[in-house]
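Undergrad: Take a look at the letters that make up each chain.
2 protein chains.
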Amino acid sequence: MDAAEFRRRGKEMVDYVADYLENIEKRLVYPDVEPGYLRSLIPTEAPLEPESYEDVIKDVERVIMPGAASPACTELETVMLDWLGKMLQLPECFIAGTHGSGGGVIQGTASEATLMSLLAARCKAIRRVQATNSNYSESDVLGKLVAYTSEQAHSSVERAALIGGVMMKQVPADNSYAVRVDMLKKMMEEDKAAGLIPFYFCATLGTTPSCAFDRIVELGPLCNEENIWMHIDAAYAGSAFICPEFRPLLNGVEFADSFNFNPHKWLLVNFDCSAMWVKKRTDIIGAFKMEPLYLKHENQESGRSITFTHTHWQIPLGRRFRSLKLWFVFRLYGLQGLQAHIRKQVALAKVFESLVRADKRFEICAEVIMGLVCFRLKGSNELNQNLLKRITDSREIHLVPCQLSGRFVLRFAICARTTESSHIQQAWRHITQLTFELLQEPSH
Amino acid sequence: MDAAEFRRRGKEMVDYVADYLENIEKRLVYPDVEPGYLRSLIPTEAPLEPESYEDVIKDVERVIMPGAASPACTELETVMLDWLGKMLQLPECFIAGTHGSGGGVIQGTASEATLMSLLAARCKAIRRVQATNSNYSESDVLGKLVAYTSEQAHSSVERAALIGGVMMKQVPADNSYAVRVDMLKKMMEEDKAAGLIPFYFCATLGTTPSCAFDRIVELGPLCNEENIWMHIDAAYAGSAFICPEFRPLLNGVEFADSFNFNPHKWLLVNFDCSAMWVKKRTDIIGAFKMEPLYLKHENQESGRSITFTHTHWQIPLGRRFRSLKLWFVFRLYGLQGLQAHIRKQVALAKVFESLVRADKRFEICAEVIMGLVCFRLKGSNELNQNLLKRITDSREIHLVPCQLSGRFVLRFAICARTTESSHIQQAWRHITQLTFELLQEPSH
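Chains as they are written, first to last, in this note's numbering: chain A, 1 to 444; chain B, 1 to 444.
Bound conformation, chain A alone (with noise of 0.2 Å):
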């Protein structure tokens, strides 16, 4: 959508929320409809080419206002969930409208979705343990417990732990910074021998510091063999996993126990949309669930709306309906609209490290697998120091940096959607300017 057709669609929008405040009082106050109604008013699956923006909006009179906020929050996040993963090609276990026992939430951030699933693991470790150690308490268990990612792994990994109240250990990577299963496999054999209790590893596909891939085809098996929780977070590189060719890189997802991805990061839909499955609904659920009267409904028990309510799945109580967002992009792109983005991407990606490989004053420090390009000037890291130094004094383009190997290292990540060929062309030019600047300084 250009910004011509935002405006007309923009003010179209505006108008319809005042007619729904001017008439509210002859909207239904209680939806009339049964829990499940709207898997059947949509499709089963997204569109593979763009729709027009008539039919999206036509259709939340159709599917939506009947259902009002309750249960058509709850029901359209589930079916988008499904769409999703459909999209992402992810195992039937994990799609909700299966006779599997799986399904999509909607988080806030990855972090939130991984303290969720370290705590559904934490929750089946410490239950596990207990039904054959009945003298333990539940703190002998938590000081037992031990959770496993990747050095590289997000910093909010981490933090899970911390806010769980169990240890957890960084697994080193291999040269490429990926974790290996021989790494974990040791690390976990020498914990069971020490009496601790691993339970739950966080692998990670495309590391923030360099789009790394744990190997989780090799990773899975162990842990599933071990009973270790194994979440994925594919935060960042999720997306292009809609892409037949980049699939490969979730394969092993079959293992897992959970797995999330940001669609906020680079699916074209505004923050905050984390996409989180889990593979067993009753393990997330069953860590979490509080009854009391004010939150029953009529429908909890029956069994007609597996997923009537998403708060047991989730930190926060409230829920805003997210789903809408994904509803509409995934039908005004369309699947083939998406992978195209991803690809644009990709590619520009890839021009950006012809642009670094060709200037022998520099080298790229990661392989470039999707659109993020690590590189640095040869020679050392205070060097590195001073070019970052420069760029961000300019202010004309932003890097955010990482150390690899001990390394000082510069990332230049394509997101934007409007971003051009020109731009990388123009970005390059700049970074080049201050290099030539920098070189020419007596001290270097």
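No copy labels: a pair is met if it fits in one copy or bridges any two.
Below, in silico cross-link-like pairs of lysine-lysine (DSS-like), each with a Cα-Cα straight-line distance of 25 Å or less: (1) K280 - K86; (2) K186 - K144; (3) K11 - K58; (4) K26 - K389; (5) K378 - K389; (6) K58 - K26; (7) K26 - K344; (8) K169 - K186.
None of these hints come from the bench; they were simulated from the model.
Could you slot chain B onto chain A? The hints should help.
TA: Coordinates of chain B only, in the frame set by chain A:
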């Protein structure tokens, strides 16, 4: 703002967004301001009387745009929580723009605020206990920690303890459904004698079932003496404390370590927006601080901006710009406009209360202090359940029940901005008509 003005302003805003997108390349990539720039650009307190929409929107370009998303997002939030804290007459120690060490943050929901306070209290308690018992492991301490809250408290409080892996005990309330100091003291003494470590008490001002107020004036000093973190959850009732006549209900907040209420419940701010204050910023930041290289920034250690980031104050890492909602609402209504809204809704609750009291078939079940009226038919729980079923089935109004002292009670809550006396009269006519029909039935 009526629907007509909303149409006009909404469309202007659509144009503003479209203009922004069409001219984005003329904008700064990086804000050219010093941390702390924002506070001096706006008043230190919310206006008493409404300002014009033009004045507010002009300030978006003057105050927000130069600071872009960061640091403007954090800085406006800090100042808005100061405005709101002053509206509530919070003690200075909770206000960031003073020499105190406290300040405010926007959480999504009260559930998250309660969880954050419990986690901060847990961290502080573990450190304190380990400082004098160096042979205690973290899980040894966890197993001894005890949190307390009213038996009338919201289910999210118990859930916070479940997440935090600590024991939580329910304190019996008195016959006005409020917790008194004697009962908490007795429970704590018994627990200490049994070798447990009391560390946290969550008081409720305005309980969910009946809008009761725990006696924080007497509970606070006990918590302070015993090194117990006192958190106050005033999710619903907190908004009313902007009126001098309701402010005495908040007396005792000076003893609290943290305080929270939801402007999205009753202060005309859209969901979600839960305002939380802490007395010592370091307590909450210290419990969660993680500093990977990609989150570091130039000013963080300089002390120039004590609140440059709020990410250590909450569960998610990403943040939305929710303080804009507060800024607009405070200025478009003014303090007096917001006070008028609260007073009108409390008056409507009193109208409903007197209608109930005038009908001898009914009884009022709890003192009506805010916008909630707890009432029931004199008679069995079954009779009242039948009445509620009729109300729900007829879809004219929506009531949520509760249990008080084993009795099934109906809750009539005034919430919507547009509720008028005529709606109250209409609702009561509807309830009495359904009551008439119910009591006609042979079984009664």
